[in-house]
Amino acid sequence: MAVAVVFLGKLADLSGAAEASLPGPLDWAGLLEALPPSLADEVRGERVRVALNGELLAEKTALRAADGSEIALLPPVSGG
Amino acid sequence: MRDVQLLAKGFSPGKALGLFAKAHPDAGGIASFVGKVRPEADVKVLELKAYPRMTLPGMEALAADVEARWTLDGLLIHHRHGVMRPGAPIVLVAAAARHRRDVIEAVDFAMDHLKSASWFWKREKRGDGWHWIEPREQDHADLSRWA
Numbered sequence: 001m002a003v004a005v006v007f008l009g010k011l012a013d014l015s016g017a018a019e020a021s022l023p024g025p026l027d028w029a030g031l032l033e034a035l036p037p038s039l040a041d042e043v044r045g046e047r048v049r050v051a052l053n054g055e056l057l058a059e060k061t062a063l064r065a066a067d068g069s070e071i072a073l074l075p076p077v078s079g080g
Numbered sequence: 001m002r003d004v005q006l007l008a009k010g011f012s013p014g015k016a017l018g019l020f021a022k023a024h025p026d027a028g029g030i031a032s033f034v035g036k037v038r039p040e041a042d043v044k045v046l047e048l049k050a051y052p053r054m055t056l057p058g059m060e061a062l063a064a065d066v067e068a069r070w071t072l073d074g075l076l077i078h079h080r081h082g083v084m085r086p087g088a089p090i091v092l093v094a095a096a097a098r099h100r101r102d103v104i105e106a107v108d109f110a111m112d113h114l115k116s117a118s119w120f121w122k123r124e125k126r127g128d129g130w131h132w133i134e135p136r137e138q139d140h141a142d143l144s145r146w147a
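Chains as they are written, first to last, in my numbering: chain X, 1 to 80; chain U, 1 to 147.
Calculated directly from the structure, the hints in this document are not laboratory data.
Errors might be hidden in some of the hints.
Claimed, not checked - Stretches of chain U that chain X covers, calculated by requiring three or more beta carbons in the stretch to come under 8 Å of a beta carbon on chain X:
| hint | stretch |
| --- | --- |
| 1 | 42-56 |
| 2 | 120-127 |
| 3 | 131-138 |
We put the CB at the ideal spot given by N, CA and C, even for glycine.
Turn these sequences into a full structure, and let the hints guide you.
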């Protein structure tokens, strides 16, 4: 099993892929460590929000992703 | 009646609006808004990325919020994602109710929230490649009208 990481918006360009699969379980420190440094810096920034299994986290540093779960990294929206 | 859809392919706002009107024969008024890809000199296509797992539930939650604020007979929100050409429809919002003010305000509110508080990311393909569009200050100002 693994944890799926979905990169939205320009984060997909920075990662070079729309999705990645990382070994689980995964916490915030583990996630940042697994990402390329430039992407980790961006994700650490206060403008990027994090969802776990479709639910927005109030505090992203409290991330605890179990095996089989899905993390979404959400930059500011620019829709409509 | 609530009709909320996240669409991956092109759609006809006129047809959807016609069906919506037909479904609400007793409404005293229907207001609608159609948002389109603005034709601009250097923009070849526009892409809206969604995260359907959150984008669609977010649109449903917005619809519930609208229904709680205004007395409506029906509410329709259809929003595209994917690649669109200039002139193509992106979004259709329509509301039906007994009274005019309710439907006009409901559509205005829904559009302000779709623009600035929904899970969509926009990029444009220009002559020199793809460019992500950053959030606009104006969109946040529009949102604060309803606070």
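To see whether the hints hold, each was checked on the structure:
Given a C-beta distance limit of less than 8 Å, the hint that chain X covers the stretch 42-56 of chain U holds, as 5 residues qualify and 3 suffice. For a cut-off of 8 Å, the count of residues in the stretch 120-127 of chain U with a CB near a CB of chain X stands at 4, and the three-residue condition holds. Counting residues of the stretch 131-138 of chain U whose C-beta sits closer than 8 Å to any C-beta of chain X gives 5, which meets the bar of three, so the coverage hint holds.
No hint from the list above goes unmet by this structure.
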